[in-house]
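Kindly generate the complete structure, drawing on both the sequences and the hints.
Take the position in the sequence shown, starting the count at 1, then add 6; the result is the number in my numbering.
The hints are simulated quantities; they were obtained by calculation from the structure and are not laboratory data.
Mixed in with the good hints, there may be bad ones.
[As the list claims (entries may be wrong)] In silico lysine to any residue, SDA-like type, Cα no more than 25 Å apart, as pairs:
id	residue 1	residue 2
1	LYS62	LYS9
2	LYS86	TRP58
3	LYS33	ARG82
4	LYS61	VAL81
5	LYS33	ILE11
6	LYS62	CYS127
7	LYS106	ILE11
8	LYS33	ASP96
9	LYS33	ALA71
10	LYS61	TYR132
11	LYS62	GLY50
12	LYS9	SER122
13	LYS62	THR26
14	LYS9	ASP37
15	LYS33	ASP67
16	LYS41	GLU90
17	LYS86	HIS55
[Claimed, not checked] Derived CB-CB ranges, DEER-like:
id	residue 1	residue 2	range
18	ARG10	PRO108	42 to 50 Å
19	PRO141	ARG82	21 to 29 Å
20	LYS62	VAL131	17 to 25 Å
The beta-carbon is built from N, C-alpha and C at its ideal position, and this holds for glycine as well.
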Amino acid sequence: MPKRITAGIRNAVAAGMHVTITSVVTKQNADDVPKVTRLVGRLGAQAHHLLWVHKKGRAGDDSFAPDNATIIRVVRDCRKEAAESGVIVDNHESVKARLKSPAFTRRDLSGAAVNSLCVYCDGRVYPSAATAQTPDLL
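The following block contains the structure:
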């Protein structure tokens, strides 16, 4: 991870922000994502969010999206690393909270622009990762 990115993460942690680092799980990086979970803990961030490939732009075809078995393996490996590093895999925690909710609890599954934002690699801010590179939102 580039030094400017890790410095920014450390600065945000030092400022008292709740920091979640997001990784898009692809066929190409599936074996490396659990290492990022470990790095999340070393940087002092609280959570690792696993993002599934949004089939648009460069990822519009099937060349990036991993199969279900790979996704399950990555999630399990990340949860193991998270337990050892003192961080959470927030996808898993979110599912647990929904499963433990009282019957008929309505959840729309979106906190976009309410409790989270996406800072894209070009420095632009979007309501969520799913909306990144959407020109109408700039």
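Hint-by-hint comparison with the structure:
no., hint, verdict
1, LYS62 / LYS9, "violated (29 Å)"
2, LYS86 / TRP58, "holds (19 Å)"
3, LYS33 / ARG82, "holds (16 Å)"
4, LYS61 / VAL81, "holds (20 Å)"
5, LYS33 / ILE11, "holds (23 Å)"
6, LYS62 / CYS127, "holds (16 Å)"
7, LYS106 / ILE11, "violated (36 Å)"
8, LYS33 / ASP96, "holds (21 Å)"
9, LYS33 / ALA71, "holds (6 Å)"
10, LYS61 / TYR132, "holds (17 Å)"
11, LYS62 / GLY50, "violated (32 Å)"
12, LYS9 / SER122, "holds (24 Å)"
13, LYS62 / THR26, "holds (23 Å)"
14, LYS9 / ASP37, "holds (22 Å)"
15, LYS33 / ASP67, "holds (12 Å)"
16, LYS41 / GLU90, "holds (12 Å)"
17, LYS86 / HIS55, "holds (14 Å)"
18, ARG10 / PRO108: 42 to 50 Å, "holds (45 Å)"
19, PRO141 / ARG82: 21 to 29 Å, "violated (37 Å)"
20, LYS62 / VAL131: 17 to 25 Å, "holds (18 Å)"
Of the hints listed earlier, those the structure fails to meet are numbers 1, 7, 11 and 19, in rising order.
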